[in-house]
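S.K.: Starting from the known structure of chain A, fit chain B onto it as the hints suggest.
First to last, the protein sequences are chains A and B. Plus 13 on top of the position in the first sequence (first one is 1) and you've got the working numbering. Plus 8 on top of the position in the second sequence (first one is 1) and you've got the working numbering.
Calculated directly from the structure, the hints in this document are not laboratory data. Don't take each hint at face value.
Unchecked claim - With a cut-off of at most 30 Å between alpha-carbon atoms, the simulated DSS-like pairs for lysine-lysine come out as follows:
| id | chain 1 | residue 1 | chain 2 | residue 2 |
| --- | --- | --- | --- | --- |
| 1 | A | 41 | A | 75 |
| 2 | B | 24 | B | 61 |
| 3 | A | 126 | B | 325 |
| 4 | A | 96 | A | 75 |
| 5 | A | 18 | B | 436 |
| 6 | B | 325 | A | 75 |
| 7 | A | 41 | B | 24 |
| 8 | A | 151 | B | 325 |
| 9 | A | 18 | B | 440 |
| 10 | A | 18 | B | 455 |
| 11 | B | 267 | B | 325 |
| 12 | B | 392 | B | 455 |
| 13 | B | 436 | A | 147 |
| 14 | B | 440 | A | 35 |
Claimed, not checked - What follows is a list of derived Cβ distance ranges for each label pair:
| id | chain 1 | residue 1 | chain 2 | residue 2 | range |
| --- | --- | --- | --- | --- | --- |
| 15 | A | 172 | B | 73 | 54 to 60 Å |
| 16 | A | 46 | B | 444 | 34 to 40 Å |
| 17 | B | 108 | A | 40 | 39 to 45 Å |
Unchecked claim - Under 10 Å between C-beta atoms, here's a sample of chain B residues computed to sit facing chain A:
| id | residue |
| --- | --- |
| 18 | 281 |
| 19 | 284 |
| 20 | 323 |
No residue lacks a Cβ here, since even glycine has one placed at the ideal position from N, Cα and C.
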Amino acid sequence: MITNKLSQTIYSLLINGKAINKHGYVSKTNELEESELYNEIFNNFEEYNTLYQRINYELVHKNSCFFYIRELGGEDANEVTIKIQALLIIIGRIITEQGYLFNVLTDHRAGVKTEDLAIATAEERYLDILHTCKLCLKRGIEEEVNNNLVARGLMFINSRGHYVLTEAGASFFDELATSD
Amino acid sequence: MHIALDRTLVLLIEHKDLMFGFIDYMDQNQRKDIPEQVFTNSMLAKLTATIKKNDAERLKDAFDRNNLIKAGIISEFNKSRGTIAFQPAVIEIFRLFDKERVRGLRSAELENIRVQLDNALQQHQALSFSTDNIIFREQRDHLFDLLRQVNSQIQNNTEHLEHEADRLSNRLDHDQAILTLDESQQIREVLQQVKKIYDREIIPTLEFLNTREYSKVKTPLALIDEISRLYDMRGFEDDSYYIDQYKLSILSHYKAVEKVRQTLQRYLHQERQHRLTYNAIEKAYLNLQTLAQNTFTENLKERYIFKALAETELYFKGLKTYSSAQDSKIEWHERNHSLYFNEYLIEQNARQRSDAVAEVVSFDNKQNPDSNNVLKRQIRVLIKQCEIKPPINDLYAEIHNFLADNLSEDYQLQYLLYGVSCYKQRVKNTAKVTVNFERPQPKIHYKSKVLEYNKRELN
Numbered sequence: 014m015i016t017n018k019l020s021q022t023i024y025s026l027l028i029n030g031k032a033i034n035k036h037g038y039v040s041k042t043n044e045l046e047e048s049e050l051y052n053e054i055f056n057n058f059e060e061y062n063t064l065y066q067r068i069n070y071e072l073v074h075k076n077s078c079f080f081y082i083r084e085l086g087g088e089d090a091n092e093v094t095i096k097i098q099a100l101l102i103i104i105g106r107i108i109t110e111q112g113y114l115f116n117v118l119t120d121h122r123a124g125v126k127t128e129d130l131a132i133a134t135a136e137e138r139y140l141d142i143l144h145t146c147k148l149c150l151k152r153g154i155e156e157e158v159n160n161n162l163v164a165r166g167l168m169f170i171n172s173r174g175h176y177v178l179t180e181a182g183a184s185f186f187d188e189l190a191t192s193d
Numbered sequence: 009m010h011i012a013l014d015r016t017l018v019l020l021i022e023h024k025d026l027m028f029g030f031i032d033y034m035d036q037n038q039r040k041d042i043p044e045q046v047f048t049n050s051m052l053a054k055l056t057a058t059i060k061k062n063d064a065e066r067l068k069d070a071f072d073r074n075n076l077i078k079a080g081i082i083s084e085f086n087k088s089r090g091t092i093a094f095q096p097a098v099i100e101i102f103r104l105f106d107k108e109r110v111r112g113l114r115s116a117e118l119e120n121i122r123v124q125l126d127n128a129l130q131q132h133q134a135l136s137f138s139t140d141n142i143i144f145r146e147q148r149d150h151l152f153d154l155l156r157q158v159n160s161q162i163q164n165n166t167e168h169l170e171h172e173a174d175r176l177s178n179r180l181d182h183d184q185a186i187l188t189l190d191e192s193q194q195i196r197e198v199l200q201q202v203k204k205i206y207d208r209e210i211i212p213t214l215e216f217l218n219t220r221e222y223s224k225v226k227t228p229l230a231l232i233d234e235i236s237r238l239y240d241m242r243g244f245e246d247d248s249y250y251i252d253q254y255k256l257s258i259l260s261h262y263k264a265v266e267k268v269r270q271t272l273q274r275y276l277h278q279e280r281q282h283r284l285t286y287n288a289i290e291k292a293y294l295n296l297q298t299l300a301q302n303t304f305t306e307n308l309k310e311r312y313i314f315k316a317l318a319e320t321e322l323y324f325k326g327l328k329t330y331s332s333a334q335d336s337k338i339e340w341h342e343r344n345h346s347l348y349f350n351e352y353l354i355e356q357n358a359r360q361r362s363d364a365v366a367e368v369v370s371f372d373n374k375q376n377p378d379s380n381n382v383l384k385r386q387i388r389v390l391i392k393q394c395e396i397k398p399p400i401n402d403l404y405a406e407i408h409n410f411l412a413d414n415l416s417e418d419y420q421l422q423y424l425l426y427g428v429s430c431y432k433q434r435v436k437n438t439a440k441v442t443v444n445f446e447r448p449q450p451k452i453h454y455k456s457k458v459l460e461y462n463k464r465e466l467n
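Isolated chain A, as found in the complex:
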């Protein structure tokens, strides 16, 4: 049965374009913990699905690890998605091109520093792509990552201050690798 309090929190997150991941990061313990919000949706998926359908949204469950909502028949949200994908691809490329293990981006104890990502705005090849996605025009890469990835539950900042991909962020790369 739906819990009112959790349902309100879930609504507040989903309606603001945030993903709800299966595990959440707890900075005090530097560990990942099961998310009660995710479990709440998972256990009452049918009810939540109906609920969101009635207000013209589709509750999307991807890769068995995160939820988000998309507007039914909506077309105007692509710009956001493209910005997110472009940022993720460029972050992934920066890490892999330098010969680092991709796991560093997904291990909640590791992550990458802002300085490691600074190359995105320092090199023209990355900057050109970012500009054509309306990214880093006035803001720095840190601000773009915070606004587009951290605020949306696709990345989080761990206790070392490093950026780490959440399950939603990592599953984008899983999908890339499997569909390739």
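M.R.: For chain B alone, coordinates are given in the frame of chain A:
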């Protein structure tokens, strides 16, 4: 001054690190020789590090390039290229001193062995088997030399692979927690080494030792089998038996190499996963780059790549756009709102009471003694020292009794509110106040005054 081969070799063995350095250089750079400069620098470093003057002199003479050439330890000195190559046999001896430096057999070397065995078979097929035939005797000696050599090479190869598998898996298992980019880079390099050994050494060795595979090209063990049958058919059963023994000895390494393969399998899987991810990221990046480049046209309308990308399937398709106007979050400050609400209800009740109940005493603030009067100070001290502890069923009644007992004649009912307030201050971090709105309200009668109040429970 010329020093004999045996003496020079003994000195080189005593100072193995020098030759190990050369071997490492050749392995790292995948060369069979070393630059003259490397040789000279290593020699100078060695001589400088030698403390005893006599020893240094001896080493200088022994390790002199010309002496090493004369002794046959250096097999080739190419002046124009400035390179030095050591006698392969000498290098192999030094490799045996240290398992880490034993080289595995690569595809080309295994193929070379196969070709040698194939040649041996063809030679034997064309021979007349007779002990009087000198060519047969030579071929037979050559065959056994070859088998001995192959057996020993395969054994060294197996030991090398086992050692490498141990070394690499220890490294990978030990470094499970990858916390920095540098660590991750090292792990990736180790995974690449695993892949290299697997592809270049393990699989070729297993193919070499495979007896079941049939193709146009005969496997080495099938070739040995055929040679053995030739000897058997021509009446040389003893030789055939020994050839079979060599074959079995070589074959016995199959299991060990297969075990190594299985050990490295999971790391290989890991490496494959990384490779797939890398390739996928690269492909996605190149696609993005192409789309971005296409926007650099004279058509200023298409400055962004949204239209082009929107046609492809997007992973987070339809993700809602964030807007502060949509923010449904209610800001709840760090306050206990139920208490505020209770206070509001009390206020409401008090208003109703002031109209309806005439006997309720209301206290005029102007008449109240000022905050620093003696009685208030006394109450503060008393409350501070009192032993009233939660849980308390009725805070007003409890404090009233306490103050009436301790202040006797000085106590008046209006001081009860001050006492309760002081007590609430004292326990505000440790206890929780709950207001009870029961009807009728409890009353306290004291010195012809009545206080009607909502009961406070303390937990």
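S.K.: Taking the hints in turn, state whether each one holds.
M.R.: Verification of the supplied hints:
Proximity of residue 41 of chain A to residue 75 of chain A is assessed by CA-CA distance (about 28 Å); at most 30 Å being required, the pair is judged to hold. Annotation: proposed proximity of residue 24 of chain B to residue 61 of chain B holds, straight-line Cα distance about 20 Å (limit 30 Å). For the hint pairing residue 126 of chain A with residue 325 of chain B, the CA-to-CA distance comes to about 28 Å; that is within 30 Å, so the pair holds. Using a Cα cut-off of 30 Å, the hinted pair residue 96 of chain A and residue 75 of chain A holds, with the two alpha carbons roughly 19 Å apart.
With a C-alpha separation of about 27 Å, the suggested pair residue 18 of chain A and residue 436 of chain B falls inside the 30 Å cut-off, and the hint holds. Restraint check: the Cα-Cα separation between residue 325 of chain B and residue 75 of chain A comes to about 11 Å, which is no more than 30 Å; the hinted pair holds. Between residue 41 of chain A and residue 24 of chain B the alpha-carbon distance is near 53 Å, which puts this suggested pair outside the 30 Å criterion. With a CA separation close to 26 Å, the supplied pair residue 151 of chain A and residue 325 of chain B stays within the 30 Å bound.
Distance restraint check for residue 18 of chain A and residue 440 of chain B: the Cα-Cα separation of roughly 23 Å lies within the 30 Å cut-off, and the hinted pair is therefore satisfied. Only pairs whose Cα atoms come within 30 Å are accepted, and residue 18 of chain A paired with residue 455 of chain B is rejected, the gap being roughly 50 Å. Distance hint between residue 267 of chain B and residue 325 of chain B is unfulfilled; the C-alpha atoms sit about 47 Å from each other, more than 30 Å. Note on residue 392 of chain B and residue 455 of chain B: the hinted pairing holds, with a Cα-Cα distance of about 25 Å set against a maximum of 30 Å.
With a CA separation close to 53 Å, the supplied pair residue 436 of chain B and residue 147 of chain A exceeds the 30 Å bound. For the given pair, residue 440 of chain B sits about 36 Å from residue 35 of chain A by alpha-carbon distance, which is inconsistent with the 30 Å threshold. For residue 172 of chain A paired with residue 73 of chain B, a C-beta distance near 59 Å keeps the hint of 54 to 60 Å intact. A beta carbon spacing of about 38 Å between residue 46 of chain A and residue 444 of chain B agrees with the range 34 to 40 Å that was offered as a hint.
For the pair residue 108 of chain B and residue 40 of chain A, the beta carbons lie near 43 Å from each other, so the given range of 39 to 45 Å is met. Residue-level restraint check for residue 281 of chain B holds (minimum Cβ-Cβ distance to chain A is 8 Å; threshold 10 Å). A hinted interface residue such as residue 284 of chain B counts as satisfied when its beta carbon comes closer than 10 Å to some beta carbon of chain A; here the least separation is about 5 Å, so the hint holds. The closest approach between the C-beta of residue 323 of chain B and any C-beta of chain A is roughly 5 Å, which is under the 10 Å cut-off, so the hint is satisfied.
Hint compliance for this structure: hints 7, 10, 11, 13 and 14 are not met, and every other hint is.
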